[in-house]
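Novice: Sequence:
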Amino acid sequence: MPIPSSHKQKINGYYFITDSGLSITGNASDVEKAVSCGVGVVQYRNKQATTRQMIDEARVLRALCQNVLFLVNDRVDIALASGADGVHLGQDDMPYAMARKLLGDGAVIGVTVHTVEEALQAQKHKADYIGVSPIYLTSTKIDAGLASGPELIRSIKTNVTLPVIAIGGITHANAREVIDAGADGLCAISAVVCSDDVEKAINRFQKLFPPPINKK
Numbered sequence: 011m012p013i014p015s016s017h018k019q020k021i022n023g024y025y026f027i028t029d030s031g032l033s034i035t036g037n038a039s040d041v042e043k044a045v046s047c048g049v050g051v052v053q054y055r056n057k058q059a060t061t062r063q064m065i066d067e068a069r070v071l072r073a074l075c076q077n078v079l080f081l082v083n084d085r086v087d088i089a090l091a092s093g094a095d096g097v098h099l100g101q102d103d104m105p106y107a108m109a110r111k112l113l114g115d116g117a118v119i120g121v122t123v124h125t126v127e128e129a130l131q132a133q134k135h136k137a138d139y140i141g142v143s144p145i146y147l148t149s150t151k152i153d154a155g156l157a158s159g160p161e162l163i164r165s166i167k168t169n170v171t172l173p174v175i176a177i178g179g180i181t182h183a184n185a186r187e188v189i190d191a192g193a194d195g196l197c198a199i200s201a202v203v204c205s206d207d208v209e210k211a212i213n214r215f216q217k218l219f220p221p222p223i224n225k226k
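With our numbering applied, the sequence shown corresponds to residues 11 to 226, in that order.
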């Protein structure tokens with residue numbers, strides 16, 4: 011089943027990912043602010059918590075994401091237990107076909123890719139969108155690999171039709187070149203959750219995109 015058009019419209023602009031290790035005010039506060047800024051997607055990522063803790067926190071965050079896609083990083087079990095809209099999978103996570111079978115045709119499944127070949131494979135498997143990572147050197151994911159630069163986005167956009175989210179080392183200073191390369195959306199974890207004003211930081215990114223993403 012193709013991803014609903016209403017979901018497609020949300021996979022653009024600023025894409026929010028939680029990081030409890032870096033956050034100044036905590037995941038719940040950050041998500042509330044992200045939703046108030048009009049982000050289309052919130053991805054819950056927590057590598058330190060126990061499964062029980064993740065389920066409890068994911069349910070809290072899910073309740074905050076009204077009219078916003080709520081995805082869980084890696085963990086299909088957490089997505090199912092929390093009523094998430096889907097998952098985001100890395101290349102070494104559960105195979106896409108297995109995740110789709112467990113979550114159903116209506117779930118949103120994104121896949122991280124590092125090459126054009128991986129992007130083509132994701133499209134062949136009918137992923138709903140791809141995250142291209144890392145664009146620049148990043149400190150929020152120690153196993154992210156070598157930075158590709160925005161040129162990889164151009165190459166991928168030439169070869170696939172899926173929405174492309176740029177991730178890794180993105181700041182307010184380099185976000186424009188990522189968008190100019192063709193990214194439909196971007197994530198900048200440190201630049202947002204480490205900010206004293208999360209809403210202001212997100213809105214600065216949102217304003218780089220054309221309307222209707224840029225609402226403020």
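If you are wondering where the hints come from, they were derived from the structure by calculation, not from laboratory data. None of these values were measured; they are calculated from a predicted model. Treat each hint with caution, since some may be false.
[Claimed, not checked] Derived DEER-like restraints, expressed as beta-carbon distance ranges:
| hint | residue 1 | residue 2 | range |
| --- | --- | --- | --- |
| 1 | A73 | A183 | 31 to 37 Å |
| 2 | T181 | A73 | 16 to 22 Å |
| 3 | T61 | G36 | 35 to 41 Å |
| 4 | H135 | S165 | 30 to 36 Å |
| 5 | A107 | N184 | 33 to 39 Å |
| 6 | L147 | D102 | 36 to 42 Å |
| 7 | D206 | T60 | 17 to 23 Å |
| 8 | L90 | E161 | 33 to 39 Å |
| 9 | D87 | C204 | 27 to 33 Å |
| 10 | D66 | V126 | 23 to 29 Å |
| 11 | V126 | N184 | 31 to 37 Å |
Backbone N, C-alpha and C fix where the C-beta goes; we use that ideal spot for every residue, glycine too.
Novice: Each hint should be assessed against the structure and marked as holding or not.
Specialist: Checked hints:
Checking the proposed 31 to 37 Å range against A73 and A183 shows it holds: the Cβ atoms sit about 35 Å from each other. Taking the beta carbon of each, T181 and A73 are about 31 Å apart, not inside 16 to 22 Å as hinted. Between T61 and G36 the beta carbon distance is about 20 Å. The supplied range of 35 to 41 Å is therefore violated. A C-beta distance of roughly 19 Å is found between H135 and S165, which places it outside the suggested range of 30 to 36 Å.
For A107 and N184, the Cβ-Cβ distance of about 35 Å falls inside the hinted range of 33 to 39 Å, so the restraint holds. In this structure the supplied range 36 to 42 Å is violated for L147 paired with D102, their Cβ-Cβ distance being about 20 Å. Range check, D206 to T60: Cβ separation about 30 Å, and the 17 to 23 Å hint is violated. Checked against the hint of 33 to 39 Å, the pair L90 and E161 passes, with Cβ atoms roughly 37 Å apart.
The given range of 27 to 33 Å is respected by D87 and C204, whose C-beta atoms sit roughly 29 Å from each other. A beta carbon spacing of about 39 Å between D66 and V126 contradicts the range 23 to 29 Å that was offered as a hint. Between V126 and N184, the C-beta spacing of about 21 Å breaks the proposed range 31 to 37 Å.
Taken one by one, the earlier hints fail for this structure at numbers 2, 3, 4, 6, 7, 10, 11, listed in ascending order.
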